[in-house]
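Chains A and B, in that order, are what the protein sequence lines are. Counting from 1, one number per residue, gives the positions in the first sequence under the working numbering. Counting from 1, one number per residue, gives the positions in the second sequence under the working numbering.
Check each hint, because a few of them may be wrong.
Identical chains share a label here; the pair holds if one copy fits it or two copies do between them.
[Stated by the list, open to error] No farther apart than 25 Å at their CA atoms in a straight line, the calculated lysine-lysine pairs in the PhoX-like style are these:
| hint | residue 1 | residue 2 |
| --- | --- | --- |
| 1 | 576 | 454 |
| 2 | 669 | 576 |
| 3 | 296 | 89 |
| 4 | 420 | 230 |
| 5 | 230 | 674 |
Bear in mind the hints are in silico, worked out from the structure with no lab data behind them.
2 protein chains.
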Amino acid sequence: MHKTLCLALVAWLIAFAARADEGMWTYHDFPTGLVQQKYGVQITPAWLDKVRLSTVRLSNCTASFVSGEGLILTNHHCAASCLAQNSSKDQSLLENGYLARKREQELRCPTQVADVLVGMEDVTAHVAQATANLDEKAANEARKRTLTQLEQSCEEASRKSGSGPLQCESVDLYKGGQYYLYKYKRYDDVRLVFAPEDGIAAFGGDPDNFQFPRWCLDMSLLRAYDASGKPARTPMHFAIDRAGPKAGDLVFVSGHPGSTERLLTVSELLFARDVQLPQWLLRASELRGRYIQFSKASTEAARITQDNLSSLENAIKVNRKLLDALHDDALLERKRKEEATLRKGDTAHDPWSDIERVEQAERNIALPYTFLERGAGFNSQLFRYARTLARGAEERAKPNTDRLREFRDSALPRVEQQLKAGVPVYPDLEQVTLSFSLERLREWLGPDHPIVRKLLSNDSPDTLAARTIAGSKLADPKVRVQLWQGGKDALGAAHDPMIELAQAVDAEARAIRKRYEDEVEAPLQAAEEKIAKVRFAALGTSVYPDATFTLRLNFGTVQGWTENGTPVQPFTHLDKLYDRATGQAPFAVPQRWQQEKSRLDPNTPFNFATNNDIVGGNSGSPLIDTRGRIVGLMFDGNIHSISGGYWFDTEKNRAIAVHPAIMTTALEKVYGAKELVKELGVK
Amino acid sequence: MHKTLCLALVAWLIAFAARADEGMWTYHDFPTGLVQQKYGVQITPAWLDKVRLSTVRLSNCTASFVSGEGLILTNHHCAASCLAQNSSKDQSLLENGYLARKREQELRCPTQVADVLVGMEDVTAHVAQATANLDEKAANEARKRTLTQLEQSCEEASRKSGSGPLQCESVDLYKGGQYYLYKYKRYDDVRLVFAPEDGIAAFGGDPDNFQFPRWCLDMSLLRAYDASGKPARTPMHFAIDRAGPKAGDLVFVSGHPGSTERLLTVSELLFARDVQLPQWLLRASELRGRYIQFSKASTEAARITQDNLSSLENAIKVNRKLLDALHDDALLERKRKEEATLRKGDTAHDPWSDIERVEQAERNIALPYTFLERGAGFNSQLFRYARTLARGAEERAKPNTDRLREFRDSALPRVEQQLKAGVPVYPDLEQVTLSFSLERLREWLGPDHPIVRKLLSNDSPDTLAARTIAGSKLADPKVRVQLWQGGKDALGAAHDPMIELAQAVDAEARAIRKRYEDEVEAPLQAAEEKIAKVRFAALGTSVYPDATFTLRLNFGTVQGWTENGTPVQPFTHLDKLYDRATGQAPFAVPQRWQQEKSRLDPNTPFNFATNNDIVGGNSGSPLIDTRGRIVGLMFDGNIHSISGGYWFDTEKNRAIAVHPAIMTTALEKVYGAKELVKELGVK
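This is chain A alone, in the form it adopts within the complex:
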């Protein structure tokens, strides 16, 4: 690589990043110099440690400790599964909210975990050594084995140490540019303390999702318990500043952005544009229609559908805006030019051209891979249990490093937690999703595909779904645990039709996964590592890696933006919530908020916008000021933030937070949760 090129690129990229407040920085490479230079603020190692150790990763979101007794602040929508799992026909916690007035009333969230990142270890050299001089397929397999081995050793070492067992997870940063072991302290007993009604937490529902101005009290409180069943002691935690920030204030988001694709090559982006996103959107939109129509059958049908439907609608909005972003030929052209500056020499045989060939291969196997292995053909909770049991029995019989990665030893406790969780399974809803996905399996693979012939030569999608759901005993966690412990023999003896279905497709599903790993994943990994080296040689860690649902820190300021020439103010206030209400969901203000209206200050700040660079997974992240106090709770981005999956739009990409004032007001005046306010110690 030419040095001049590198320097030009470095200059351009760094200038761009500096202008933009863009970047999801790791804690080990946080650009304290840049913050000092732009804002004159000194970020110390102690500050970073305090913030990191007060930040929590949930299974699906970010959160933070807000008291010394394990109290956790996150979004309402991050606790939605827990609320649904603890609801019944007679009592919908999603609809009505929940407040535990005593510790004993705190409700277990059976599939939730709370992780704190306590250590980070660079293992790039280990991986490089293990894969040196291997061909692509062998390197891909060796890489996985090595990471499994590193995780295993890390966990074994932690169990022997005095400080208690850790959860060790490998992380691939910069698409193979760096490998890290991230070490977490895990709490697997997480309980629900407080949640407001869905009507105020998600006021405006799907129509307002990703919109701003907004009025959403998207908060909930959970509590981590230790292994002995007592509230966790969490000396590292955040204080909350009730006053919140002013426009222009420097603020930080600490959290776990789930996934960005800013380092994808043009041919990878085109695969998303042409294949992945359109096909996903077609399926998801139809499923949305089925959910909505199903939910109209009864109040109970609406209740059991709500959580799934909200998640789906959120994902539809994200993916349709991502498709819009990829239809912007000017942005693709910018990507092409950026690639061109890096691609010197023989562009027919460089890693970018390797990826072009891989993407052609991926187009050929995308459908069977998506439907058979990735589950698009078998959308059913019971089926997912069945596949886990069937594969788990096979995989656990193998040495740790030879298994499918999701069954490596370090992953098993989480698998077991989910199998034994007493969460409701609704056969009617299962019938909706499974018959739907089998119909689409037949449509997209075609009626003459061997698997379709195998499954549907006498059955229709409806009858196959009905038969397997009705005959399966896997809704019972005791049965699942027994089959998990019993292994292959117990599975064979069970004659459970859902397990038999999972087994019937397993050979084909594994075969297409193997093809995917060999023909797509392995050459992609090899080419991406080559590109990472080119970029890394030029840029090092002066730029940030794509999001990977690992801990990141970013900085920005409180600010609105300009939409079609009109400025959007950064703060909303309580009065406008009432103005905007229609009395009909999702624009109905819950009764308690109507009753208390006259006692509340109409000028209470409600939601606000910042230019922090966040993405799904950051939900529930603490927004903190330079002193390390919480000044907001991130819960969404504006509509322009969605294309942030591919590139950060400085002018318009905004993150949205719940203001501490409305959270505190709600707890004090609307819900009468005085003990909690006291525990939070809000000032």
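Following the hints, complete the assembly by docking chain B onto the known chain A.
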């Protein structure tokens, strides 16, 4: 324009057309010389007249006369609405089929018409004269007024002539390159004679739609009646050749291809790719899900949904393949190059750049135009009646040439036919579609759009739909006719909530339509006419115009194609139908066909493929041989035919026909319709 350029382009385009058997030719410019040159066959004016006058245009399809007593052959799916309209809770004609054993049993298709093209008149000069020296908006309006005036004069003249009244419709060919008046003899009393069960007509259902090999008896027989209620005398009609064609035989399709977009510019194609198709597909896929879930509630729900669902699924398949086609950057690049050969001089101010600017404008108004004016926000049969009544009352008070075109005098008989037709309206199904479309109206225009605030500030989409549907009397044709005749006063006195809904949105809907006409339609028309002149000067009628649901003739041969290296044979046979059956819809063979299996020749040809260039609207077209006999009935294309909307793929685009042998066998042996076989005089 440079002459050398023209000649090069002519040579290239003609060479391409000649190689491809591509082309939807008008009868007035059919390339007999090309057919003579390629196939050594002389097509005479008499042959063309005979074929044209034996071809029938239905409201939604093509058909043909097949006896001297008005008997009409078309597809089953072209008669699906008629079958649904004549069905009831106790008897589904779609499911069970129908056979009138006597003339008196023939069932009126209340919304169907049968048109025969009896005259064609070039009026290009009239339009040019009327629009000369006007600016774009004025020219657009003058053009419409002129066409309405020409139609009116033509119809008045026909009523005064001895040969009976004609329906006169203006046609825009080559996007403003030619204007014609097409003159039709219309039969508005069309009755159902025969239809097989949906299970055999559409064997394989949506999964097999646009697939080949196929086994679909997609036929039905209708009959045109004259004004006195007697079967029409139709001396011009086709004979049917039972033996059908051989592979390689020269064959012709006479019919009404609905719409192609082969002359669109790149920026128009990008609008379709980025805006139109993705948004339509999102809405349609969700509606599909709602229909399917709704239809599972009961047999009756399934019955009343079936026709809508089939049409929707067909359209989804078409539009998703069109989107795939536009994601093929290589084909867009070819379009760009073709444009570049025509674009000489100042490309920043030529008609192609005009269209680029128009498409930017269209992006800004596409959503309100689609939802408010094009009906995406009000998907309800009752609403469509209401809008027709409300607008009809306003428009008919104006002079003919000042009205919205759909209310010009020549269009009113068809409007009235539909208003007075006694077709069932199903409130439950209305609730599905109207609440769905109101929800999406709110989602896409946003909760704060003035129309959304107006309609949904106290109502939810569900409650608004329920209230307007329950309160409306427009399901009753007598009420509709009375309100149509009563005009504005009657409408005001009716206090029908659906009419009030239509009126509540009408000012905004008309306003956005006006903006669309002025900011999109007018400049587009002006630019397209300029491009048409450039093309027309070079090519004249040596190339064919885009499809416009007007009569076209094309030629091709019976042939299969090669799919992923494997040849697909052009004919299928009866035996494989039985092999492929699963016993479950849509792969269940109807009982009659199971019972008669042993009496039928397993080698009977069933469906076959040709390389004729057809598209939706050609359904039901007669496939004819050089002697002018029917040798097949077009009903579909293969999956590659869908991109034919944008460009003809010589290698893979194939049309699919029902073979005369299976049609005759079915009538004779399965349905015992001996009288019909006799009337058809099949040889």
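So, going through the hints one by one against the coordinates:
Only between protomers do residue 576 and residue 454 lie at most 25 Å apart by alpha-carbon distance; the minimum there is 18 Å, versus 58 Å within a single protomer. Proximity of residue 669 and residue 576 under a CA criterion of 25 Å is satisfied intra-copy only: 19 Å inside one chain copy versus 73 Å between copies. When the C-alpha separation of residue 296 and residue 89 is checked against a cutoff of 25 Å, the pair qualifies both within a copy, at 15 Å, and between copies, at 23 Å. Only within a single protomer do residue 420 and residue 230 lie at most 25 Å apart by alpha-carbon distance; the minimum there is 21 Å, versus 75 Å between protomers.
For the homomeric pair residue 230 and residue 674, the shortest alpha-carbon distance inside one copy (22 Å) is at most 25 Å, but the shortest distance between copies (86 Å) is not.
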